[in-house]
Amino acid sequence: MQLSREDLLRAYRSMCTIRQFEERVHAEFATGDIPGFVHLYAGEEASAVGVCMNLGARDSIASTHRGHGHCIAKGCDVAGMMAEIYGRKSGLCAGKGGSMHIADLDLGMLGANGIVGGGAPLACGAALTAKTLKTGAVAVAFGGDGASNQGTTAEAMNLASVWRLPVVFVLEDNGYAESTASAWSIGGDPLVRAEGFGIPGVRVDGHDFFAVHDAARDAIARARDGGGPSFLHLKLARYFGHFEGDGMTYRAADEVAKLRAERDCLTLFRRRVEEARLLDPAALDAVEAEVAALIEDATRGAKAAPMPAPADLLTDVYVSY
Amino acid sequence: MARKSFRQAVNEAISQEMARDPRVIVMGEDIAGGMGAPGEDDAWGGPLGVTKGLMPQFGRERVLDTPITESGFIGAAAGAALTGLRPIADLMFVDFMGVCFDQIFNQAAKFKYMFGGKARTPLVIRTMYGAGFRAASQHSQCLYPLFTHVPGLKVVIPSSPYEAKGLMIAAIRDDDPVIFFEHKMLYDVEDEVPDEPYTLPFGEANLTREGEDLTIVALGRMVTLANEAADRLGGQGISCTVIDPRTTSPLDIETILEEVRATGRLVVVDEASPRCNMATDISAQVAERAFEALRAPIRMVSPPHTPVPFSPALEDLYVPDVEKIIQAARTAMAAGGRKAA
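Residue numbers (the working numbering), protein chains in the order written: chain A, 1 to 321; chain B, 1 to 341.
This is chain B alone, in the form it adopts within the complex (with noise of 0.2 Å):
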């Protein structure tokens, strides 16, 4: 056990299942880095640097550097997924999803249903998304609810480092395609990680506090941002579950339904943009299968139905933030009946 970054974190599991596997393969854009150019090999490892180090230990036959063309390489990922390889794809930034979205949507989810059932795909896209980098309206956004929707895709959003080991893992392990997010603003945290491979379930969601009054769901980034709020709300006398589901697909509403019940309030923190996202689909499935148990309304605490703003001054009052989840919070305690004795 030591202390590692988001970003040595994935790079560990990934290495780890590469040297399992042969099979495992990681392709992307300057995934390594320095393709057919006069300088050093490997000069970036991905773009943020997460890949580095990959292609000196399992060399270029399995640390494929591609052009600048995903609908190329993403369908060619779902092409060897198909056919026998464990493929790692890199998709940079989330954003450009809209250049490569057949080839994730209308291929790879559907060959198993399509094919009556015979086909295994097992794809990992890892993607960058997120706020909070001055990276303006093109790769900042959260766009996770998309990847949710389609029947098909597994989708994961790890909120630590020692979660995005065990997740990543596991998702190279999964025989099904994995969209596997990483928040760009969460590389540089540093947690606990286990040196030995671990592996985390998915549909499983993880309580990260336990309290008693209010429940709280968060996802990705947003999971510290909660239970920050939940620390400072305790100091006030209002006690919070915390819930980090982990996957948004599979999606362990059961642990949240229970939490509901429990507690009788529900704030869902979500990064998303705020119509048909995570916050919205959550709130709906407890609003139909806990509706009793609510002691006030649901209270979403998403960004406004704007584009990510490139200035500071305008992406910080963009991304939810602590003071937004306690006056959330306040407002579903304030709100309702008391809880029954």
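Bound conformation, chain A alone (with noise of 0.2 Å):
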């Protein structure tokens, strides 16, 4: 662990700014006032934070339908994100992405994508413009256990191992592909799949902010150096359902309070920087009150913000047509 104080209270704000963007839009998503489906990352987010960390602006990721704990770590603006996930014309996509859309190119957020497995191919695109383009940038494919058995997922590891692209495979693995256990629908283990491509992977904890902010660290730089893909298997959790409205009725009924209580990433993570006496408690409690305070701007300027127009209904289809 080499990070700077300044950069321990950047993730703690990062992964702090997803928990509470989180459990908000679950909170208001139960109003009724947040059309659509939505998915949340709350419990997931050292793995988007520690791996974000290790990335510059010029760096892509791909994202998952789960996706909002990838913009934020990735420095898409708060604001912007909830006032999408409102529909808004001032959302990030003007309102015509949604929740399972949310992107911002310039700083190298290729997108949430409503399709599991969508990402890793793109994912690999970036990474070829980076390598063809010879501008030192990475890209990270991230992916749950559902994608880890499309077959995009599968062509876009082999592609990238025959092309040797500078792409780092995050495979989050919460447990569920909607429903389903992926202890029972992934045959065989990730880290094997991986090793058959000829690319590196390492099984992480991905409560652990820490573990997975090193492993990304090694990854990421192999890839810049021209060592080709590499592979994290991380095993996490979610702690709401597959999408908002589901009612778990697949999990233990004690299951996400055990995690929430043991297993916890912010609770982990302020532990060990207090323990370690790296950041006081009084420095983690004042993000805590100004990522409440940046949520709740969010919140209230998405509410208050203006739909689309008609007249918008028919733009950004084509550059030109």
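It is worth saying that the hints were derived from the structure and are not from the lab.
It is possible that part of the hints are untrue.
[As the list claims (entries may be wrong)] Some chain A residues well away from chain B (every beta-carbon gap over 12 Å; in silico):
#: 1; residue: A183
#: 2; residue: G245
#: 3; residue: L259
#: 4; residue: E288
[Claimed, not checked] A partial selection of chain A residues facing chain B, derived with a Cβ cut-off under 10 Å:
#: 5; residue: G97
#: 6; residue: H101
#: 7; residue: G108
#: 8; residue: G119
#: 9; residue: L128
#: 10; residue: A130
#: 11; residue: L133
#: 12; residue: G136
#: 13; residue: G247
#: 14; residue: M248
[What the hints assert, rightly or not] Stretches of chain B that chain A covers, calculated by requiring three or more beta carbons in the stretch to come under 8 Å of a beta carbon on chain A:
#: 15; region: 58 to 68
#: 16; region: 72 to 79
#: 17; region: 113 to 125
Glycine included, every Cβ here is placed at the ideal spot set by N, Cα and C.
Given two chains presented individually in distinct reference frames, assemble the corresponding complex, making use of the accompanying hints.
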């Protein structure tokens, strides 16, 4: 661990922002004000932040349907994200994308993705751009345990290996593809699959920010140095359902409560930095308070923001037509 | 200006654009060929030789052979287009879209809209289509109506070597995803093709024949057959306009409407399967917007609603031909009222 005090504060702020953003969306969704499908990332914060702390704006990530955490970790504007989720014109995608398609190409955030397994080939494309134009950039493909069984993921990993692309595949194994347990749905071992493509991989405790950060740092450095693709298998958990409204009847009754009490990535982070006297509790409390104000502003702003105009229906289909 | 084949015309367009813009790359299965194999480099230049010579000219970094992995490399091409390259991806046969359609219609086609207008996806997907090659059901289809259906995609169907070069250069310079359809029976057709680069516009139909009695709209390889039918009908006193729309998305429906209003009769020739194809689409738009101008029912010339058969005896029955177009034209001429003076 070689993170400065500023890095640690930034990491905590980012993880807190994701957590509070998702808790707020969860609460607001229950009121019926948020349209459509929402898939929340709470519980998995150490993954998005641990990985993206090692990336810059020129680096790209391809995300998933559970994409809010990746967006925030990559630097997307939280007010713009909340407005997007509410379908407002001021949203990051002008209200045309919604929760499942939040993107900010200027930040290298290539989009959440409504298609499970849709992102891995796109990340290979971003890595191909970096390699062809010799920009030194790296791409990260986030995907869940569901996506790990899609053909696109296997094809992307093989292509990355064959073309020696600067890409890192991050498998966020939260235990469930929708309602189906990954222990059942993944035949064999994802690490062995990666090895089969000639891609080195490691399994990491996805609740442990520091473990994720260090593994991602090594994989991203390897990609940047021309060493080709790597694979991270993160074991973690989501606190909410596959989608908001999912009763989670497939989970054990005390499962989430136990996870929150014993394996929460923010709690583990706080304990670690406080015990090592890297950050004092007051500084961490201050971050939480700042984030709470930010989320409150974003939510109020989103609710008050205007909807798209009727004419917006027909724009942005083509550059020219 | 020199006589060049359709194959040469496409090759020349790509080569000239690659020389002009270092962001243009080519990728696909056997696009150079022989990757990792002990024999010749550039062994194939694509399965029918269309990209032959590009790899020696531009190197392996810009002419990328791929494994047989259409979801993987078509998706990678979409991602590369989103991040600054201008890829030309070769989906060898359009029939293979079944294994990569998600990357085209859910990803590349929708980036711009889903992301609130901020994305550009300058991607060209070249693909072979069409029957007549004895290639049977999985290598002979005309699936351009499926792509035309998807907002966000542009669909180009060149009918000749001259058209192919100008439309390919336009496709490469376009900032939207373009599906470029190459009929495999056209590759050896020759035409006068200028040596210098030029573009032809999308959404602007080309009139290959001008007449007064009947309008024929035809696409791709069918344009040649429609021209021949028009010439023969002309010899029999029926004067035909032939419209090649060039692109089905955007579609120059205004020119079609204008010509239908002038002639009062319409035949649409489409090699695609007859349900929900371009013939039905064009006919519906004409019926909706120029019904009063029609002097006879619209006639559609399309194959039967069957897979493309293998046996030459059956495939030759399947594909629309000049006789069928002439028959449709005669039926259209025989029906309905006389043209007002």
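To see whether the hints hold, each was checked on the structure:
At roughly 26 Å, the least C-beta separation between A183 of chain A and chain B is larger than 12 Å, which holds for a residue marked as non-interface. No beta-carbon of chain B is positioned within 12 Å of the beta-carbon of G245 of chain A; the least distance is around 23 Å. With a least CB separation of 33 Å from chain B, L259 of chain A remains clear of the 12 Å interface cut-off, as annotated. With a minimum CB-CB distance of about 31 Å to chain B, E288 of chain A clears the 12 Å threshold, and the non-interface call stands.
Look at G97 of chain A: its Cβ gets to within about 4 Å of chain B, closer than 10 Å, so that hint holds up. At about 4 Å, the closest approach between the beta carbon of H101 of chain A and any beta carbon in chain B falls short of 10 Å, and the interface hint on this residue holds. Taking 10 Å as the C-beta contact cut-off toward chain B, the hint placing G108 of chain A at the interface holds, the least distance being around 8 Å. At a threshold of 10 Å, the smallest CB-CB gap from G119 of chain A to chain B is about 9 Å, leaving the interface hint in force.
For L128 of chain A, the suggested interface contact is upheld, since its CB lies about 5 Å from the closest CB of chain B, less than 10 Å. A least Cβ separation of about 8 Å between A130 of chain A and chain B falls short of the 10 Å threshold, and the interface hint therefore holds. The beta carbon of L133 of chain A comes within 6 Å of a beta carbon in chain B, closer than 10 Å, and the hint placing it at the interface holds. Hint on G136 of chain A is violated. Least Cβ distance to chain B is approximately 13 Å, over the 10 Å limit.
The closest approach between the C-beta of G247 of chain A and any C-beta of chain B is roughly 28 Å, which is over the 10 Å cut-off, so the hint fails. Below 10 Å, beta-carbon pairs count as interface contacts, and M248 of chain A has none with chain B, the closest being about 28 Å; its hint is therefore violated. Residue count for the region 58 to 68 of chain B with a Cβ under 8 Å from a Cβ of chain A: 5. That meets the three needed, and the coverage hint holds. Residue count for the region 72 to 79 of chain B with a Cβ under 8 Å from a Cβ of chain A: 8. That meets the three needed, and the coverage hint holds.
Check result for the region 113 to 125 of chain B against chain A: holds, 8 residues qualifying (beta carbon to beta carbon below 8 Å, three or more required).
Hint compliance for this structure: hints 12, 13, 14 are not met, and every other hint is.
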